[in-house]
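Q: Could you build the full structure based on these sequences and the hints that come with them?
Spelled out from the first residue to the last, the chains are:
Number of protein chains: 2
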Amino acid sequence: MKHRIITISREFGSGGRTIGREAAAKLGIPCYDHELIEKIAEESGFAKEYIKERGEYTPGGWLASAFSDRDFNGHSNQDDLWAAQRRVILSLAEKESCVIVGRCADYILKDQADCLTVFIHSDMEKRAERIVQQYGERADSPVKRLKDKDKRRAAYYQFYTDMKWGIAQNYHIALNSGKLGIDTCVELITRLY
Amino acid sequence: MKHRIITISREFGSGGRTIGREAAAKLGIPCYDHELIEKIAEESGFAKEYIKERGEYTPGGWLASAFSDRDFNGHSNQDDLWAAQRRVILSLAEKESCVIVGRCADYILKDQADCLTVFIHSDMEKRAERIVQQYGERADSPVKRLKDKDKRRAAYYQFYTDMKWGIAQNYHIALNSGKLGIDTCVELITRLY
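Protein chains in written order, with the numbering used here: chain E, 1 to 193; chain D, 1001 to 1193.
Bear in mind the hints are in silico, worked out from the structure with no lab data behind them. C-beta: ideal position from N, C-alpha, C; glycine also. It is possible that part of the hints are untrue.
[Stated by the list, open to error] Derived contacts from chain E toward chain D, CB cut-off under 8 Å, selection only:
#, residue
1, Phe119
2, Gly166
3, Ile167
4, Ala168
5, Gln169
6, His172
7, Ile173
8, Leu175
9, Leu188
10, Thr190
[As the list claims (entries may be wrong)] Derived lysine-lysine pairs resembling DSSO-like cross-links, with alpha carbons at most 27 Å apart:
#, chain 1, residue 1, chain 2, residue 2
11, D, Lys1179, E, Lys26
12, D, Lys1126, E, Lys151
13, D, Lys1147, E, Lys179
A: In structure tokens:
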């Protein structure tokens, strides 16, 4: 049975996770963000079985593991985590209607569920403001951190889906949260559900 | 004085013009699409003065005029028309609140007016259906016509604005009209106004 899923893809600092949570709350359905999905993947045994089969789990930059830790079959721990998270997302969608933030859920679920795919983005300035507010100052400037994060996110997405991240045509609705405001985005999404 | 403008960029066959017209009607403001803007540009004297200064106006494929008819200063008739249309769009925005469809209006007006920039797109299948319905069969298949039109539109946009057409981050809101339906798109846009 198909459930109704909202997938939220977002630029770092655009409030995508907040929008996902608030929309889910309004609709009375759960919201799974990337932290939660990683946790489930690790604890659920999906990841454990993969990890056991393939040796030690080495944490570290995904770039490092994606391109240098690959074993003889071209497989990496990042791939294991991807596979585990993918299975988690598929089983969540099978189980209930929900909001899923990030983790290429839009790609994973596109033929599997009745999905509303959303892309949240915002102006560099507003994003910079937001990440300093939410995560504090760091050594690098906020703008540098944002550009870096965008690159990683786009590369991750393209690597695992072969699609370009952030192209308007790949989402049912894309919203500039900085211009429209978080509340308006939440409202539009809940109306569309 | 700044007026409130809605600019609609759209894929051919996604119903962008229809959405623009219906939204404008609901909001009680005029809608200027590309046909109307070209007409105004030609009749207004903007184009006439440019055209007189630079000799005969040679109709033909824009690609031909853009890349081979350029005169000694690198100027073409396509450029003249672009300049004239740009001035028309700026003066329309100065005069009244309105909806403007196409013609890179989002780019032209971005710092000039209080703009809501919208991008309308849809799945290839739905678009193919729509253009056959609206414009009838042609020698080429609908999908071929659509891909061709997309390429021209993207190239025109990029040539005159140096920006990529269809990138989600360049619009306040992007909507898949095939998935959401024309009426829903109209409703969302009018709500946001």
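Q: All hints, please: hold or fail.
A: Here is how each hint holds up against the structure:
1. Phe119: Hint on Phe119(E): holds, closest Cβ of chain D at ~5 Å, below 8 Å.
2. Gly166: Constraint on Gly166(E) satisfied, holds at 5 Å.
3. Ile167: holds, 7 Å
4. Ala168: holds, 4 Å
5. Gln169: holds, 5 Å
6. His172: holds, 5 Å
7. Ile173: OK, holds: Ile173(E) within 8 Å of chain D, min 6 Å.
8. Leu175: holds, 6 Å
9. Leu188: Nearest chain D Cβ about 6 Å off; hint holds.
10. Thr190: violated, 12 Å
11. Lys1179(D) <-> Lys26(E): holds, 23 Å
12. Lys1126(D) <-> Lys151(E): violated, 32 Å
13. Lys1147(D) <-> Lys179(E): violated, 31 Å
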